[in-house]
Amino acid sequence: MWARPSELRSRHVIGMNRRNICYIARYNDRSLFPLVDDKLKTKLLAHEHGVTSPGLIGTVTSQFEVRQVAAMVRDHPAFVIKPAKGSGGKGILVIESHADGAYRKPSGAMLGIADLERDVSNILSGLYSLAGSPDVAMIESMIRFDDRFADYTYEGVPDIRVIVFRGYPVMAMIRLSTAASDGKANLHQGAVGVGLDIATGRALYAVQFDRPVDLHPDTGRSLIDLEIPDWQGLLRLASACYEMTGLGYIGADLVIDKYHGPMLLELNARPGLAIQMANGEGLGGRLERIEREPVGADVDTRVDFAMAHFGRM
Amino acid sequence: MSRKPFYLVVACLMLIGIGLSIHRHIQYEVPFTPGEQRAVWEVEAQVRLEATGGPVIVELAVPTNQEGYRLLGEHTASSGYGLNFVETADSRVARWSIRNAQGSQHLYYSARFLVAPNEARADIPPPELRRDRLWQSPFDTAAEAVLARAYQRSADPYTLASELIRELTGATQGENARLLLTQYALPDLVERLLAQAEVPARQVSGLMLEDGRRRQSLGTWLQVYKGDEWTVFDPATGRQGRPDRLLLWHAGNAPVLQVEGGRQSNVSFAMIRQMQSATESESLRPADASLLGLSIHSLPLEEQSLFRTILLIPIGALIVVMLRILVGIKTSGTFMPVLIALAFIQTTLLTGLIGFLLVVATGLVIRNYLSHLNLLLVARVSAVIITVIGIISIFSVVSYRFGLNAGLTITFFPMIILSWTIERMSILWEEEGPREVLVQGGGSLLTAVLAYLAMTNPWIRHITFNFLGVQFILMGLILLLGNYTGYRLLELRRFKPMVRR
Ligand SMILES: Nc1ncnc2c1ncn2[C@@H]1O[C@H](COP(=O)(O)OP(=O)(O)O)[C@@H](O)[C@H]1O
Ligand SMILES: [Mg+2]
Numbered sequence: 001m002w003a004r005p006s007e008l009r010s011r012h013v014i015g016m017n018r019r020n021i022c023y024i025a026r027y028n029d030r031s032l033f034p035l036v037d038d039k040l041k042t043k044l045l046a047h048e049h050g051v052t053s054p055g056l057i058g059t060v061t062s063q064f065e066v067r068q069v070a071a072m073v074r075d076h077p078a079f080v081i082k083p084a085k086g087s088g089g090k091g092i093l094v095i096e097s098h099a100d101g102a103y104r105k106p107s108g109a110m111l112g113i114a115d116l117e118r119d120v121s122n123i124l125s126g127l128y129s130l131a132g133s134p135d136v137a138m139i140e141s142m143i144r145f146d147d148r149f150a151d152y153t154y155e156g157v158p159d160i161r162v163i164v165f166r167g168y169p170v171m172a173m174i175r176l177s178t179a180a181s182d183g184k185a186n187l188h189q190g191a192v193g194v195g196l197d198i199a200t201g202r203a204l205y206a207v208q209f210d211r212p213v214d215l216h217p218d219t220g221r222s223l224i225d226l227e228i229p230d231w232q233g234l235l236r237l238a239s240a241c242y243e244m245t246g247l248g249y250i251g252a253d254l255v256i257d258k259y260h261g262p263m264l265l266e267l268n269a270r271p272g273l274a275i276q277m278a279n280g281e282g283l284g285g286r287l288e289r290i291e292r293e294p295v296g297a298d299v300d301t302r303v304d305f306a307m308a309h310f311g312r313m
Numbered sequence: 001m002s003r004k005p006f007y008l009v010v011a012c013l014m015l016i017g018i019g020l021s022i023h024r025h026i027q028y029e030v031p032f033t034p035g036e037q038r039a040v041w042e043v044e045a046q047v048r049l050e051a052t053g054g055p056v057i058v059e060l061a062v063p064t065n066q067e068g069y070r071l072l073g074e075h076t077a078s079s080g081y082g083l084n085f086v087e088t089a090d091s092r093v094a095r096w097s098i099r100n101a102q103g104s105q106h107l108y109y110s111a112r113f114l115v116a117p118n119e120a121r122a123d124i125p126p127p128e129l130r131r132d133r134l135w136q137s138p139f140d141t142a143a144e145a146v147l148a149r150a151y152q153r154s155a156d157p158y159t160l161a162s163e164l165i166r167e168l169t170g171a172t173q174g175e176n177a178r179l180l181l182t183q184y185a186l187p188d189l190v191e192r193l194l195a196q197a198e199v200p201a202r203q204v205s206g207l208m209l210e211d212g213r214r215r216q217s218l219g220t221w222l223q224v225y226k227g228d229e230w231t232v233f234d235p236a237t238g239r240q241g242r243p244d245r246l247l248l249w250h251a252g253n254a255p256v257l258q259v260e261g262g263r264q265s266n267v268s269f270a271m272i273r274q275m276q277s278a279t280e281s282e283s284l285r286p287a288d289a290s291l292l293g294l295s296i297h298s299l300p301l302e303e304q305s306l307f308r309t310i311l312l313i314p315i316g317a318l319i320v321v322m323l324r325i326l327v328g329i330k331t332s333g334t335f336m337p338v339l340i341a342l343a344f345i346q347t348t349l350l351t352g353l354i355g356f357l358l359v360v361a362t363g364l365v366i367r368n369y370l371s372h373l374n375l376l377l378v379a380r381v382s383a384v385i386i387t388v389i390g391i392i393s394i395f396s397v398v399s400y401r402f403g404l405n406a407g408l409t410i411t412f413f414p415m416i417i418l419s420w421t422i423e424r425m426s427i428l429w430e431e432e433g434p435r436e437v438l439v440q441g442g443g444s445l446l447t448a449v450l451a452y453l454a455m456t457n458p459w460i461r462h463i464t465f466n467f468l469g470v471q472f473i474l475m476g477l478i479l480l481l482g483n484y485t486g487y488r489l490l491e492l493r494r495f496k497p498m499v500r501r
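Chains as they are written, first to last, in this note's numbering: chain L, 1 to 313; chain D, 1 to 501.
Next up, chain L with everything else stripped away, as it sits in the complex (with noise of 0.2 Å):
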């Protein structure tokens, strides 16, 4: 029932108190939360450093504005309306195709362009925003997975979680959603966290709801087959975060798109623990010896680093 604090200690499993004082307070920054809080302004700064990202259709920032969200998506097929600060995937419109004015969710549920302006509005007052302060609505283009993932998914885009650390990846895994998860990657709600080997991309282990799974439970597919395309280049564009945001501790989320490769999704300034677990080993013993190493390495060193250092098989 309980761990022992020694046992936990010899895997390097860090504990919330840790992560709070020894990374996030130490390394990030709190004037520079606002980047990341904010996914407008990531996904602008991303542009600025070439890092890859959804591509932007525009933004609604005032309710006169609303009206013309038909004509903004008319030339693309596939879209997502998405509140900037919004989190846990609250108010995200997903639209894979339209047509004459009916727009069609991933479900198969249509709407129509009333259903997309009371959502942009409602974006707009605050709605969804943590604090309830006015929002702005960003439209960009939808992600195509890859097909290799869809074995592996139950409704929801699988993302990958890299846990970046001065610049340096430490940790990955992938989320992949389930019935449980109601189609959404998040961990505690039932997703399935698969750990991720740093060096080659493959799968190390899975957990669901913290405990050991070897199978998908919805799709039945192995889940110690999985193994990420272009890993090298996921790792680059996680990597190149940090000196696009300038904060030492963060957790990327990336998504591959099947045109376009791997895309930044969101950036964490406080990510979760759990990442531990998928993987079956603690972060602290990487993240202090990334604190060794000096300053300064350009992405391709942090890169080759980790993967020659992290690699487990």
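By construction, these hints were calculated from the structure, which means they are not laboratory data. Any given hint could turn out to be false.
As the list claims (entries may be wrong) - With a straight-line Cα cutoff of 27 Å, these simulated BS3-like cross-link-like pairs (lysine-lysine) come out:
| id | chain 1 | residue 1 | chain 2 | residue 2 |
| --- | --- | --- | --- | --- |
| 1 | L | LYS184 | D | LYS496 |
| 2 | L | LYS105 | L | LYS90 |
| 3 | L | LYS184 | L | LYS258 |
| 4 | L | LYS90 | L | LYS184 |
| 5 | L | LYS41 | L | LYS258 |
| 6 | L | LYS90 | L | LYS41 |
| 7 | L | LYS90 | D | LYS330 |
| 8 | L | LYS184 | D | LYS330 |
| 9 | L | LYS41 | L | LYS184 |
To be verified - Covered, in the sense of this in silico footprint (three residues per stretch, anywhere, with C-beta under 8 Å from a C-beta of chain D), are these stretches of chain L:
| id | region |
| --- | --- |
| 10 | 6 to 18 |
| 11 | 32 to 43 |
| 12 | 276 to 286 |
Unchecked claim - To give a feel for the contact side, a few chain D residues facing chain L, derived at Cβ under 7 Å:
| id | residue |
| --- | --- |
| 13 | THR485 |
| 14 | LEU490 |
| 15 | LEU492 |
| 16 | ARG493 |
| 17 | LYS496 |
Here a beta-carbon is modelled for each residue, glycine too, at the ideal position from N, C-alpha and C.
For chain L, the structure is supplied; the task is to place chain D with the ligands on it using the hints.
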């Protein structure tokens, strides 16, 4: 990054705290443990008046030893005024005087009463029977009728008094009673009726003692004689006998407060119950202004009772910090549990818990409806605040109707905080499901209960109230905890699966 300066600060805080406490212990002989406890009520009367610019004389009736209470000492504060205690036939009066006074004046009288169940009943001679003309017509016939009915149904002075009060207030209240009440106040009326029946009785002023109350006023009771003995009646309810918490303040015919040379005078009362160790020296109290002697006891009573609560808040904060950092309990709103615990102190634990659950549960149901309206946050929370006030009012009224006076204390709940709690829980419910609401709600309540238990613990109360140095120690402890990087207790469980393989 060196942590040395940090540990130095913590060490300094601890040393200052310990030093101050030891100094107070040795210099003022304040014991570290509350020891054998006895309850002492400290009651303060504050007289306020507007002086008109000439000589002022203020006479305030003051209490003496009586059944249940022994006067330990008295204390007055009134700069520039001369003071005398005057004993008259039926009462004792504090008389302040000054040659010249202008503007708003504040005079304080405070007395300390030991709760002494064996103290003899005060020997108060019965009043002269009233010989003045008691009634004007048409009230005389009405009085006659009421008295006749009550007289028939009674056997002696006490039962007569009971019957009279029942006639005048009960469900049987008749035409005559209503007529009389248009002219006379109830206690006065009963006194007159008793006088008519040749039963000596008088109105006395008393104070219901309730810990930490401020701005209270005196209530009226009826003292009824049967031969040489007497007892008191509550004119509003007809209850016979002295309530334990009743301190008789004044039994004379003269008013409690008399002022010459001033206008708009009034007197209000504050009281506080202290558990005092029998060993604590009585001389401890005097206003000692030296900084090292830092003591809350040198403040006026009103502020003292306020401070007693304020000084406990750091204890609540420490509990929250420990539960969050060492145990890893999730609460909704970081310090909300402390405020809830403070409310529990007023309501008592069980009433508080029931009240809290009722308010939050009802609030969640109503908030659930509000969420369909897609309101903006500020408007939504404001609507919840009004709802909470509504719920609290309804509960108070309903519980009062059913004779549950405890239900009234529900108004001690911090309503704004409750509203935010409801708002947060409701969002949590929508986003994470009812399980998480139970986890966080349960965590908050557990924290609140633990904080309550700590804050009501006699030893902790004794220490925080008597040793201000303890605040430094608490500060040091909290700083230290804020620096703790080890595992939380619940994480040992969370990460258990990682060890099993
Ligand atoms: N451009 C997109 N294309 C397809 N799905 C998307 C897109 N953006 C977001 N989503 C879906 O919405 C979910 C949440 O998006 P995200 O940007 O992470 O916002 P949040 O901060 O609310 O989690 C993603 O996991 C994904 O399933
Ligand atoms: Mg996300």
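Now for the hints, and whether the structure bears them out:
As the CA atoms of LYS184 (chain L) and LYS496 (chain D) are separated by approximately 25 Å, the hinted pair is consistent with the 27 Å bound. Note on LYS105 (chain L) and LYS90 (chain L): the hinted pairing holds, with a Cα-Cα distance of about 15 Å set against a maximum of 27 Å. Note on LYS184 (chain L) and LYS258 (chain L): the hinted pairing holds, with a Cα-Cα distance of about 20 Å set against a maximum of 27 Å. The hinted pair formed by LYS90 (chain L) and LYS184 (chain L) meets the criterion: a straight-line CA distance of about 11 Å does not exceed 27 Å.
At most 27 Å may separate the alpha-carbon atoms for a hinted pair to count; LYS41 (chain L) and LYS258 (chain L) meet this at roughly 25 Å. In summary, the hint linking LYS90 (chain L) to LYS41 (chain L) is supported, as the alpha carbons are separated by about 18 Å, within the 27 Å threshold. Of the supplied pair hints, the one linking LYS90 (chain L) and LYS330 (chain D) holds, its CA atoms being roughly 23 Å apart against a limit of 27 Å. Distance restraint check for LYS184 (chain L) and LYS330 (chain D): the Cα-Cα separation of roughly 23 Å lies within the 27 Å cut-off, and the hinted pair is therefore satisfied.
Taken as a hint, the LYS41 (chain L) and LYS184 (chain L) pair is honoured in the structure, with Cα atoms around 24 Å apart against an allowance of 27 Å. A count of 8 residues in the region 6 to 18 of chain L with a Cβ less than 8 Å from any Cβ of chain D is obtained; the coverage claim is therefore met, three being the minimum. With 0 residues having a beta carbon nearer than 8 Å to a beta carbon of chain D, the region 32 to 43 of chain L misses the requirement of three or more and the stated coverage is violated. Beta-carbon proximity to chain D at under 8 Å applies to 5 residues in the region 276 to 286 of chain L; the threshold of 3 is reached and the given coverage holds.
Hint status for THR485 (chain D) relative to chain L: holds, with the closest Cβ pair at about 4 Å, below 7 Å. Given hint, LEU490 (chain D) at the interface with chain L, is violated; its Cβ is 9 Å from that chain's nearest Cβ, farther than 7 Å. Using the Cβ-Cβ criterion of 7 Å, the hint placing LEU492 (chain D) at the interface with chain L is satisfied: the shortest such distance is roughly 5 Å. Satisfaction of the interface hint for ARG493 (chain D) is found here, the shortest Cβ-Cβ separation to chain L being roughly 5 Å, below the 7 Å cut-off.
Among the interface hints, the one on LYS496 (chain D) holds; its C-beta lies about 4 Å from the nearest C-beta in chain L, closer than the 7 Å criterion.
The structure does not agree with the numbered hints 11 and 14 stated previously, though it agrees with the rest.
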